[in-house]
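Asker: Generate coordinates for the entire structure from the input sequences, incorporating the hints supplied.
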Amino acid sequence: MPADSWHPDGWRLLLVGAPALALVALFVAPTLIMALATLQLPDDLGGLAPAVVRDEAGLHLALTLENYQRVLGDFVYLQVFLRSLGYALVVTGACALLAYPVALTIAAAPAKWRDLLLLLVVLPFWSNFLVRIYAWVLLLGPEGAVARLVNWTVAFTGAGPVVLMYTPAAVLLGLVYVHLPFMILPLYANLRRHDPAWLDAARDLGARPLTGFFNVTLPMSLPGLVAGAVLVFIPALGAFAVPDILGGAKGSMIGNLISDQFLAARDWPFGSTLALLLTLAVAGLAGLGAAAAARLPGNRHDA
Amino acid sequence: MRRSRTLFGAALAVYAFLYVPLVLVAVGSFNAARLGSSWTGFTLDWYRRLFADERMLAAAGNSLVIALAATAISVVLGTLAGLGLARYRSRALGFLVLTPMAVPDILTGVSLLLFFVLIHLTLGMASVVLAHVSFCISFVALVVRATMANLDPHLVEAARDLGASPGAAYRRIVVPVIAPGIVAGGLLAFTLSIDDFVITFFTAGVGTTTLPLQIYSMIKVSITPEVNAVSTLLMLVTLSLVVLAARLAPSALRSGE
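First to last, the protein sequences are chains A and B.
Position 10, counted from 1, in the first sequence is what numbering that gives the first Met the number 0 calls 9; the numbers after and before it change by one each time, with no gaps.
Position 124, counted from 1, in the second sequence is what numbering that gives the first Met the number 0 calls 123; the numbers after and before it change by one each time, with no gaps.
Treat each hint with caution, since some may be false.
[Claimed, not checked] No more than 20 Å apart at the CA atoms, straight line, and that leaves these computed lysine to aspartate or glutamate pairs for EDC-like:
#1 Lys219/B / Asp52/B
#2 Lys219/B / Glu55/A
#3 Lys219/B / Asp259/A
[To be verified] Which stretches of chain B does chain A cover? Using the computed rule of at least three CB atoms under 8 Å from a CB of chain A, they are:
#4 5-11
#5 208-216
Since the hints were derived computationally from the structure, they do not count as laboratory data.
Note that the Cβ used here is the ideal one computed from N, Cα and C, for glycine as well.
Answerer: Set out below in structure tokens:
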């Protein structure tokens, strides 16, 4: 007997085939086209030169490794990749630091409060992405509250006013702000499964609260931390709008480099090459995260 | 005890970090001052200007049309995918549904740009709708799959044993159970579409402007409290849609699980 007797054979075609076809057309095909474009040359007016050309000798492929040589040959591109990796790492760490107090508080809250506290974490995430960046444009701009507070403080040290907008610090702040919910939610999902008796036992054995956190809660919450880290690190690495709006030239990331190739320089093959390298980095990191999660001790509680 | 109080204080500070910037955007939309953070008096002028701004209204109209079209298409495909995921253990479909959600927006944007140009689809409303469908399907599928967990398969088998055709069993039993999931998924798709900036930025071409694209150009060119006003309205719309979706399918929207 088939797994479910209530579906005639043809239904699989509809329920699996139709959406799969749409996703192949709108996700797989564009990705493959982008991969092929990395081997092509730019057309005279932007876009792509044909991959197959016809001349006196007949049809032949016009593919090149030039784009890869260019990425690897110029330190500028490697530098932007490294900077983006560094930013994503700092952002992930900062999100973890901010997420633990919130996730621990929600997990320890009375049941009737938990849903509300969780909703309060999720709501900003659902408000418009650009609006959340714009909020920081206002706060960090010369007239903004944060800028004035910082400069008021700095004035006591006798230093001149500092500019906050269009700096790497602004990019980091903006990235932490938009990605924080992605860290809090998986961390909470893990922490709520912790048995309070674990910490009681640690305390009975003489552990102080901080010792209990570092020796019990933290190690047992690693699966949640890894899940959150993947959810923060990947979009932060591929960020475009945050560095574009808050960063200016000094804080630009891979996303800006890719966007420039497509929209300003109109060198699509080179832009595709950068994009494919970013895709590979993302896929590698996701795989690494999955492998790490599978090896962690607390994992069975998370399943 | 001291530890929990410190912890609570830290959590409160993080909540403030999440909310204060957004509250200030909303407050600024009622501030008579043109720039800066000092309050000089209450006004609705920025909203009046907003509703007199032709470009803004055109952008809002485009956003609405795109969101409705993208929602309609992705609800159909996403519901099929959700049912497919729940009933058949298809790893291929699971991969196709989940992977696009993990890909940074910029990659989706540029690869779709290449794709549309290659198939000679003129960039505009249609390309944006297709681009939005590409990321909305997954969200609808996951919400619908989650509500399928509420379905007792024996009910369907009983209906079939009693002579209902597969189509009738679907209409009378499956669809009513997953209806809240379909509606919630549709609301999410609508919200995601109306909110999207990055993917739209790459697939809209020169002539088509949506609300987020219009906000972007205003942030880049000239910031006025009109941006605060449109931001505040947009926040109200999307938040009410999400809260509505969460009421309809609470289990499906509890993220992180």
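Asker: Hint by hint, say whether it matches the structure.
Answerer: Going down the list of hints, with the structure as the test:
1. Lys219/B / Asp52/B: holds, 18 Å
2. Lys219/B / Glu55/A: violated, 50 Å
3. Lys219/B / Asp259/A: holds, 16 Å
4. 5-11: Since 4 is at least three, the answer is holds.
5. 208-216: This one holds; 3 residues, not fewer than the three required, reach chain A with a Cβ under 8 Å.
Against the hints set out earlier in the document, a violation occurs for number 2 only.
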